[in-house]
Amino acid sequence: MRAAAAPSVTTRPLIGGPTLTRAALVLGGGTLLLGVVVVVAVAMGSVGVGLGDTAAILGRRLLGLPLTESWAPSAETIIFELRLPRVLTAMLVGGGLALAGTVFQALLRNPLADPYVIGTAAGASLGAVLGIVAPLLLPGLAIGAASAWLGLGIVQLLAFVGGLGTVLLVYAVARGTGGTPVVTLLLVGYAISSILAAGIALLMFASGRALGAIFGWLMGSLTGASWVDLAFAAPLLALSFIFLLARWRRLNVLLLGDAQASHLGVEVEREKLGLTMLATLATSAAVAISGTIGFVGLVVPHLLRLVIGPDHRLLLPASLLFGAALLVVADLGARLAGGIPVGIITALIGAPFFIWLLRRSRAIRPVPSP
Amino acid sequence: MSVVVRAESLATVEDVWFAYPLPDNGRREVLRGLNLHLLRGELVALVGTNGSGKTTLLRLLAGVLRPDTGIIRFDGRALGDWRRLDLARRVTVLPQQLDLPVGFRVAELVEMGRAPHAQRLFGATQADERAVARALADADALDLAHRYGDELSGGERQRVLVAMALAQEPTLLLMDEPTLHLDLAHQVAVLATIRRLRAQRGLTVLAVLHDLNLAAAFAPRIVVLDDGGVGADGPPDEVLTPALVERVFGVTVDEARLEDGSRHLALRL
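If you read the sequences in order, they're chains A and B.
For the first sequence, the numbering used here begins at 21 and goes up steadily by one.
For the second sequence, the numbering used here begins at 14 and goes up steadily by one.
Don't read these hints as lab results, they were simulated from the structure.
There could be a bad hint or two in this list.
[As the list claims (entries may be wrong)] Partial pick of chain A residues on the chain B-facing surface, computed with a CB cut under 8 Å:
hint	residue
1	258
2	262
3	266
4	273
5	275
6	277
7	279
8	280
9	283
10	284
11	285
12	289
13	329
14	331
15	333
Just so it is clear, CB atoms sit at the ideal spot from N, CA and C, and this is done for glycine as well.
For reference, chain A alone in the conformation it holds in the complex (with noise of 0.2 Å):
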């Protein structure tokens, strides 16, 4: 048995994970694929500039590429201040949240789990609806407070720290004597999402007018994108990319469990919390500066799981590509569907194909259970 082995292990190496060819092939693949949907949805739009304009454009502006004018003034305002921002967002959001579901799911070893759910979207949802609603309530305050924030508005601030502070609240309650268990976490992220979700509740039954903006926020739109929200998000979200990607190893290992992870000699309790925080990092700043788009972070990580395999080493710089690919699209076609949000796109194109792909595989290879 051992004889018959031996060709495929001297031919093939046992370690050192995913071949360099099969790295390439995924990771350069999404990178193209990125580049070219981000082209594909600046020139599209409700005013149409043609793909060798779009791509003149950026690299004239972005690239410095000494290039002629041959379009239109306007085609440049329009592609410069509001698409390129759009997408841009459209692309950090879709990275963002792909990556910190697929952390997710590895960290709390559940497939059920999303970048939101130890009270990421709750909390951040309370504090941009707080943001919405107070301007109408207390507008001298509102005003002051937003404007002092180098013009990013109040509500993604707000958002964006409710988040953060959700999840610390949600890691202080569920830390007993002996360290965080899994289950403990969720179950105290539901109950402070429940009480959260109370407030929200009540907010909008209170807020009369604002009812649609509020609605449009919690569905998820990327609307209102621009380069100050960006300005304010990309540092945030690049650093917790860095963060996290470096510590793929330490993900693989936690998958063994906490006793085997910490006789591989990981701090468990430590580097769950950084796991936490950097993810949770990522997924506030991209929800304050585009609501809470479902389905992304959920789905993103399992597709790029059933094709590629479970290896972090791989899935995390894969997730970042693919997932900002697609958000990319479905912001492109929540765009032409005459600006619906884009949590409806995601949704519509994402599950039947992640059905699809549950159907057809070999076997379903999930997150491991606990």
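Model the placement of chain B on the given structure of chain A, informed by the hints.
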């Protein structure tokens, strides 16, 4: 009982008390002043009743639990002074129960054993590759390298767990019932492998075993945990007497002498 710390001691447990906190603020005392020393290169079987603290002792030795009072030293240094990572490079636990995560191939799982030695951010060093290949070969798991970890039979799984532990290149290997759920042939195979590796790699091995006869055949030194401490400690012939089995386990056994003079304990139902 006092312990003389000898120069060749690898790990010593000195007057260790340990209790688990209970939900009602009570405490369940498991170890009460336990003393034990493990010599470098020794092969020791740990036996005792359910709840006698065998697994607790392993977890204390691995540094995952901390004693309430008393001190545990590894390589002469108190465990509390070791960094988690440095200890993981020297002490390995082969757990009683480990759910292998789905979707990983055996080689990838065994590579996880290299985690405490990791030097490259994304790749593996040649030392990693050599250690994994050697661990797979030594644990008789080379033919499983490209199979999925969650598709293995019980015996294959156990070989993979042994390979994961070996990839960690430990000095001290702690095994919690390595023969659990295995049929007789696989029990013998795993224990024979461990014995061979102890000799080849100079490992020090402490293994929790349930079957007393198996423990006697496996290890030249048997430690019996009883009443929160060491109830008996020595060669199987001296330790595993019908009187001790009756006292510790509350079970009456007959003893039979085999042709080579070794003792065999026969259960009386």
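So which of the earlier hints does this model not fit?
Hint check: 1, 2 and 12 fail, others pass.
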